[in-house]
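**Student:** Going down the list, the protein sequences come from chains S and Z. Its first residue numbered 0, the first sequence is counted upward by one per residue in numbering that gives the first Met the number 0. Its first residue numbered 0, the second sequence is counted upward by one per residue in numbering that gives the first Met the number 0.
Hints should not be assumed to be uniformly reliable.
Claimed, not checked - Here are the simulated DMTMM-like cross-link-like pairs (lysine to aspartate or glutamate), alpha carbons at most 20 Å apart as the crow flies:
#, chain 1, residue 1, chain 2, residue 2
1, S, 63, S, 30
2, S, 49, S, 65
3, S, 46, S, 106
4, S, 46, S, 141
5, S, 49, Z, 81
6, S, 46, S, 30
7, S, 46, S, 35
8, S, 46, S, 112
9, S, 46, Z, 67
10, S, 63, Z, 67
11, S, 63, S, 35
12, S, 49, Z, 67
13, S, 49, Z, 74
14, S, 49, S, 141
15, S, 49, Z, 78
16, S, 46, S, 64
17, S, 46, S, 34
18, S, 46, Z, 74
19, S, 49, S, 30
20, S, 46, S, 74
21, S, 63, S, 26
22, S, 46, S, 152
23, S, 46, Z, 78
24, S, 49, S, 152
Note that these hints are calculated values from the structure, not bench results. None of these values were measured; they are calculated from a predicted model.
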Amino acid sequence: MKRAVLAVVFATAALWVASGHPHVFIDTRIEAAFEDAGVAGFWITWKFDKVFTAGILMDFDRNKDEHLSPTEVAEVEANAFSNLANYNYFVYVRSPRGLHRPPSVREFTAYVEAGRVHYRFFVPYSFPVEDREVQLNLAVYDETFFCDIGYAEVAPVLFPASDTFSGRYSIREDRGIRIDYPANDGTRGSTFPRQVAMTLRREP
Amino acid sequence: MARPTGHPIMRAGRYSPALLAAVIAALFLLGASPESAAQGNPFFGGSAPAPASPSVSVPVPRLQFLVDAQRTLRETLAEAVDRSAAGTGVPGLLALAFAYGLLHALGPGHRKVALAAYFLARPARPMQGVTAGISVAFLHAAAALVIIYGLYYLFRQTVTTAFSSVSSVLELASYAAITLLGLVLLFLAVRQSLRGRKTGRTTRAAETPTIAPAAEGVAGEAAPAEAPGGRKTLAAIILGSGLVPCPGTGLILIFCLSQGLPWIGALAALAVALGMAVVTVGVSLAAVLGKRGLLSALPRGSRLGGLLHHGLEIAGAVLIVAFGLFMLSPYLSGLAA
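Construct all of the structure, not just a fragment, from the sequences and the given hints.
**Tutor:** Here it is as structure tokens:
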């Protein structure tokens, strides 16, 4: 009996370990962008780990100056970013309108800062913000778990200085939103993303 | 009357059927958990297509602190590579690479399902499980090393993206080979089952203890009889599973190359393989011993034992076929589109 209990404990622990199998580690920063009527979209910045950084620089930093020129950025976008359209750029936006997965993004750039490759792009998402508070949830999450995408330790969410709009946020695992992710072996699993819950309002 | 005994080291009194069943179940759950084998790099166009819609729901919790541990370990490993450029800390780097390989292989993929299913479908000795586990782990890492170093010294500039494309092609070939092997094993298992029925015997030949001292190297220890095509199918599952390059090893190799440390990269890849081998050997051994233990716990020659034996072999073969077909399905649907 004791052994059987241990076996079950082992199996459970193994499953938990098995649930994390990332190859690329990313820190995300989100910046809200506003237009006259309300939210215009979100700037997303990804800071990659040292190992993935080395791979990108090896392939695309042609002159090995640890700086990505406009030509090199274009190559990065074509060869190491555009395919993410098939994954909706790992972005989930939830609003009172429902779930939105961006089919495209704009203004991609890549750069090297403090020895790490960064990607930055804009996710368009128009949503009116009135006097009453509205909540938008944004999660950046790789369903395939090839990438572990966390939020930046410092200033993970930024709101532009504005006299018109104000916002606050919290980052939490939302148990009310379940992500069913497909597996490559005939099974599927469920998880709950850590997401940025933004509360926005128009200043009187 | 003496109690029927099975394999001397697997008597029911020492390894309860419940425990062994739990271990086998753990093996399959471990291997069959989400984000499994073919994790194509989503950043690159040549990567594996997105997986097909799943058919079975297996909710799996995800503990962030374990993911964070892998993140920290990878960063520490990268820093250790940097330090090794100055000629210091190589043993520490290799220890980290070993730990990374172990943790990495505990995750989904690395053909644990294929290995476990194979050893359910085929009679095998524990040493064959060890051999298969070690071979798959080292082939998995060696494939990454050969491809990346080949790409680097031939093309220099496009290692990461080309590695993803080559991996995708090899994965396709691997899934096709595994499916084919599963079909062969299914044929063998069904044929053996039908023959057993025809002769009116419950054939437990594979698991029935036969005194074969030379085979095991231990006097009086039981060993399963060699099944038809045993060595060929074992070689096929090793090659079919192991020749797909390990993406985790690949990234470490790329990092070492980028630092101008190809020899350190090769040593680190070996250490990662050793860490992975701990897991793949464990999975293979648990499947071999678990199956034998379950069968040994039943009275020798019983109808239930025979049914369980054939049932496990057929189920293992079906699992291999299902695994291969499911992994192939995104590629096949891509062709049909």
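**Student:** What are the numbers of the hints the structure violates, in ascending order?
**Tutor:** 1, 7, 10, 11, 17, 19, 21
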